[in-house]
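2 protein chains.
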Amino acid sequence: MINFTVGPVMSSDAVRAIGAEQVPYFRTAEFSAVMIENEKYLLEYAKAPRGSRAVFMTCSSTGSMEAVVMNCFSREDKVLVINGGSFGHRFVELCDIHEIPCVVIELEHGKKLTKEKLYEYDNKAFTGLLVNVDETSTAVLYDTMMLGEFCKKNNMFYVCDCVSSFLADPYNMAACGADVMITGSQKVLACPPGISIIVLAPKALERVQNSKIRTMYFDLNNALKNQERGQTPFTPAVGILLQINERLKEIEHNGGADAEVARVAAQAADFREKISGLPFEFVSESPANGVTAVHPTTANAYDIFLTLKDEYGIWICPNGGDMKDTIFRVGHMGALTHEDNTTLINALKDMQKRGLL
Amino acid sequence: MINFTVGPVMSSDAVRAIGAEQVPYFRTAEFSAVMIENEKYLLEYAKAPRGSRAVFMTCSSTGSMEAVVMNCFSREDKVLVINGGSFGHRFVELCDIHEIPCVVIELEHGKKLTKEKLYEYDNKAFTGLLVNVDETSTAVLYDTMMLGEFCKKNNMFYVCDCVSSFLADPYNMAACGADVMITGSQKVLACPPGISIIVLAPKALERVQNSKIRTMYFDLNNALKNQERGQTPFTPAVGILLQINERLKEIEHNGGADAEVARVAAQAADFREKISGLPFEFVSESPANGVTAVHPTTANAYDIFLTLKDEYGIWICPNGGDMKDTIFRVGHMGALTHEDNTTLINALKDMQKRGLL
Numbered sequence: 001m002i003n004f005t006v007g008p009v010m011s012s013d014a015v016r017a018i019g020a021e022q023v024p025y026f027r028t029a030e031f032s033a034v035m036i037e038n039e040k041y042l043l044e045y046a047k048a049p050r051g052s053r054a055v056f057m058t059c060s061s062t063g064s065m066e067a068v069v070m071n072c073f074s075r076e077d078k079v080l081v082i083n084g085g086s087f088g089h090r091f092v093e094l095c096d097i098h099e100i101p102c103v104v105i106e107l108e109h110g111k112k113l114t115k116e117k118l119y120e121y122d123n124k125a126f127t128g129l130l131v132n133v134d135e136t137s138t139a140v141l142y143d144t145m146m147l148g149e150f151c152k153k154n155n156m157f158y159v160c161d162c163v164s165s166f167l168a169d170p171y172n173m174a175a176c177g178a179d180v181m182i183t184g185s186q187k188v189l190a191c192p193p194g195i196s197i198i199v200l201a202p203k204a205l206e207r208v209q210n211s212k213i214r215t216m217y218f219d220l221n222n223a224l225k226n227q228e229r230g231q232t233p234f235t236p237a238v239g240i241l242l243q244i245n246e247r248l249k250e251i252e253h254n255g256g257a258d259a260e261v262a263r264v265a266a267q268a269a270d271f272r273e274k275i276s277g278l279p280f281e282f283v284s285e286s287p288a289n290g291v292t293a294v295h296p297t298t299a300n301a302y303d304i305f306l307t308l309k310d311e312y313g314i315w316i317c318p319n320g321g322d323m324k325d326t327i328f329r330v331g332h333m334g335a336l337t338h339e340d341n342t343t344l345i346n347a348l349k350d351m352q353k354r355g356l357l
Numbered sequence: 001m002i003n004f005t006v007g008p009v010m011s012s013d014a015v016r017a018i019g020a021e022q023v024p025y026f027r028t029a030e031f032s033a034v035m036i037e038n039e040k041y042l043l044e045y046a047k048a049p050r051g052s053r054a055v056f057m058t059c060s061s062t063g064s065m066e067a068v069v070m071n072c073f074s075r076e077d078k079v080l081v082i083n084g085g086s087f088g089h090r091f092v093e094l095c096d097i098h099e100i101p102c103v104v105i106e107l108e109h110g111k112k113l114t115k116e117k118l119y120e121y122d123n124k125a126f127t128g129l130l131v132n133v134d135e136t137s138t139a140v141l142y143d144t145m146m147l148g149e150f151c152k153k154n155n156m157f158y159v160c161d162c163v164s165s166f167l168a169d170p171y172n173m174a175a176c177g178a179d180v181m182i183t184g185s186q187k188v189l190a191c192p193p194g195i196s197i198i199v200l201a202p203k204a205l206e207r208v209q210n211s212k213i214r215t216m217y218f219d220l221n222n223a224l225k226n227q228e229r230g231q232t233p234f235t236p237a238v239g240i241l242l243q244i245n246e247r248l249k250e251i252e253h254n255g256g257a258d259a260e261v262a263r264v265a266a267q268a269a270d271f272r273e274k275i276s277g278l279p280f281e282f283v284s285e286s287p288a289n290g291v292t293a294v295h296p297t298t299a300n301a302y303d304i305f306l307t308l309k310d311e312y313g314i315w316i317c318p319n320g321g322d323m324k325d326t327i328f329r330v331g332h333m334g335a336l337t338h339e340d341n342t343t344l345i346n347a348l349k350d351m352q353k354r355g356l357l
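Those protein sequence lines, which keep their order, are chains A and B. First residue of the first sequence: 1, per our numbering; consecutive thereafter. First residue of the second sequence: 1, per our numbering; consecutive thereafter.
Mixed in with the good hints there might be a few duds.
Put simply, identical chains are the same to the list, so a pair is met inside one copy or across any two.
In silico lysine-lysine, DSBU-like type, Cα no more than 30 angstroms apart, as pairs [said to hold, decoys possible]:
#1 K117 - K324
#2 K78 - K40
#3 K212 - K78
#4 K309 - K353
#5 K124 - K78
#6 K353 - K117
#7 K203 - K152
#8 K309 - K40
#9 K309 - K249
#10 K225 - K78
#11 K225 - K324
#12 K349 - K249
The hints are simulated quantities; they were obtained by calculation from the structure and are not laboratory data.
Put together the whole structure using the sequences plus the hints.
Listed below in structure tokens is the structure:
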């Protein structure tokens, strides 16, 4: 199977080779060294400001989204949430669950957030902003620099969920002034799912330190304290953390974070060029590099997903909920090549020939 | 390295081969079928009563302990916690964090819980019991049948953390009347860490359904609802779930749950026989099969761990906290053989010859 979904994505041979090894015992100096190195790479690739820290959580990225909402906000906050799809909606739900007062900027699926729209919320006493930088359900990329400027002006705590955008789209945590960045193991890091990562800038570390939360597993103070010595409070997904280490070095070897962003961008551009001529429309006004959201004009999106899976050995990524029948997605993250794009396009053209598109 | 720790443990070749494969996309009928099968095996091996369910959580077993405390108890409860070591202490902390009223039976490290001691708490209006069936820090096994009888008599909700005892020690969830059983991927299931599993008997399902909790990631109702169709609310550790499937079939092929318990018991008995003559004392009055806790009488426990790691290519399991210098542990779970025991014993004898023991 060729995997064009948005996670898990295809892993490199070196990452998969580690998956075949015995998982080592981890309360050792050897594993601590790996974790310290992982943190160093993460801070470098995120372009995090001096004094930032990173922790590695054994959970899906939703777990880390929840940990951040719990550790960084309280009932005294007034948070602005950008909701342009499933993941924006998830942040809204998290605020509701944890009783964080929030106001939601609702955007139609695929629409970008304009500066004009954003500044309707200027000078309204907001204390924080939550955004999914790549709203993965519709492949809309929000402008992190514009949002950062707005947060700075309004003195807002700025949380970037970069789950699908980290190392896919240009991002500079220090330059945009983000206080938190979240990502996951199964996106551009191209490892199996099971680990998510939270990068905390100094202001976030301060918020975490002063938080009074009722959680053991999502207690970021405890995670930070353990990570000082390259450890975790509880048994982590050790194997995946070793694979992440391999992958972080692989990215360095290939030229670093910017080179990886360029690689993903080229993979996306190649696909978008090749797909023209087929009966599809692009969904996103502001396309992210990691994924293309496609609206088929002549066929059901979910049927296309099923046919490609069952008859062509190809996974594209279906959408859920009210987008299930109208949108599918094609990912550009992980060990995919331009030749893989051609294979997918040829399959779609064959479906067209068969009258399925 | 030969790995005698209590997790991660050694995996079979078949399980490791899956670790080398690309992780598949998971919102498919194919993956759902695997998850439904995983649930079926878990209920069978736990000997869960009719109407039970199992959910697979992407987190460490501490995450599942917390999820159970949150979903199954409230401030109206009065819970009895058996605390004979690090993991019992963790349950106490979880009750404190979530404001569940609790009373703690404190046991000295290594001591078993006698019926006499337990019945001091009879007729005291307790509503629940939390126990780590194998208190992994000291290798003490508690009597699940005795505890179950006590819970039944006192109409108490009965939670068995079987993280290290599942498939290592005889256990019959239906017979002992447990309402919840917890285990993890990296113990006898001998897969990489990253997944923990919660089995819920009908009374637990009812408690979960009626709970009013403030959590998204640990919302067991949501997990149960998704598992009905073989799915999870959030991206799970897909690769590990596939490895668990392989391992569950492997156990069936080798004769089922009872045969695996017998295999682990034999591995433990072989080690305990071979170690006699060395300057060690057993710590546990009521030894569990999965692990042996050892007190070296002539050397520092942590130094032995370091020497075996650095000079013999063997991991035993160090203890933490106030047990660090006095206790180490040797695990009997996973793909270990009697020959591996001999290798470890020979290394210890060599250390003795060198004057290190």
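Between the shortest in-copy and the shortest cross-copy C-alpha distance, which are at most 30 angstroms for K309 and K249: within, between, both, or neither? Intra 32 angstroms, inter 26 angstroms, cutoff 30 angstroms: inter-copy only.
When no copy is specified for K225 and K324, does a C-alpha distance of 30 angstroms or less occur within a copy, between copies, both, or neither? between (43 angstroms within a copy, 19 angstroms between copies)
Evaluate K349 and K249 at a C-alpha cut-off of 30 angstroms and name the case that applies: within, between, both or neither. neither (38 angstroms within a copy, 41 angstroms between copies)
At 30 angstroms max between alpha carbons, let me know whether K309 reaches K353 within a copy, between copies, both or neither. Answer is within; shortest intra-copy Cα gap is 18 angstroms, inter-copy 62 angstroms.
Classify it for me, K78 with K40: is the Cα-Cα distance of at most 30 angstroms met within a copy, between copies, both or neither? neither (33 angstroms within a copy, 46 angstroms between copies)
Should K225 paired with K78 be assigned to within, between, both, or neither, using CA atoms and 30 angstroms as the limit? within (28 angstroms within a copy, 32 angstroms between copies)
Cα distance capped at 30 angstroms. Does K212 pair with K78 within a copy, between copies, both, or neither? both (17 angstroms within a copy, 24 angstroms between copies)
Between the shortest in-copy and the shortest cross-copy C-alpha distance, which are at most 30 angstroms for K309 and K40: within, between, both, or neither? Result: close only across copies, 26 angstroms inter versus 39 angstroms intra.
At most 30 angstroms between CA atoms: does that hold for K353 and K117 within a copy, between copies, both, or neither? The answer is neither: 44 angstroms in one copy and 77 angstroms across copies each exceed 30 angstroms.
When no copy is specified for K124 and K78, does a C-alpha distance of 30 angstroms or less occur within a copy, between copies, both, or neither? within (9 angstroms within a copy, 46 angstroms between copies)
With identical chains treated as interchangeable, where does the CA-CA distance between K203 and K152 reach 30 angstroms or less: within a copy, between copies, both, or neither? within (13 angstroms within a copy, 51 angstroms between copies)
Is it within a copy, between copies, both, or neither that the alpha carbon of K117 lies no farther than 30 angstroms from that of K324? within (28 angstroms within a copy, 59 angstroms between copies)
Checked against the numbered hints above, the structure breaks hints 2, 6, 12 and satisfies the rest.
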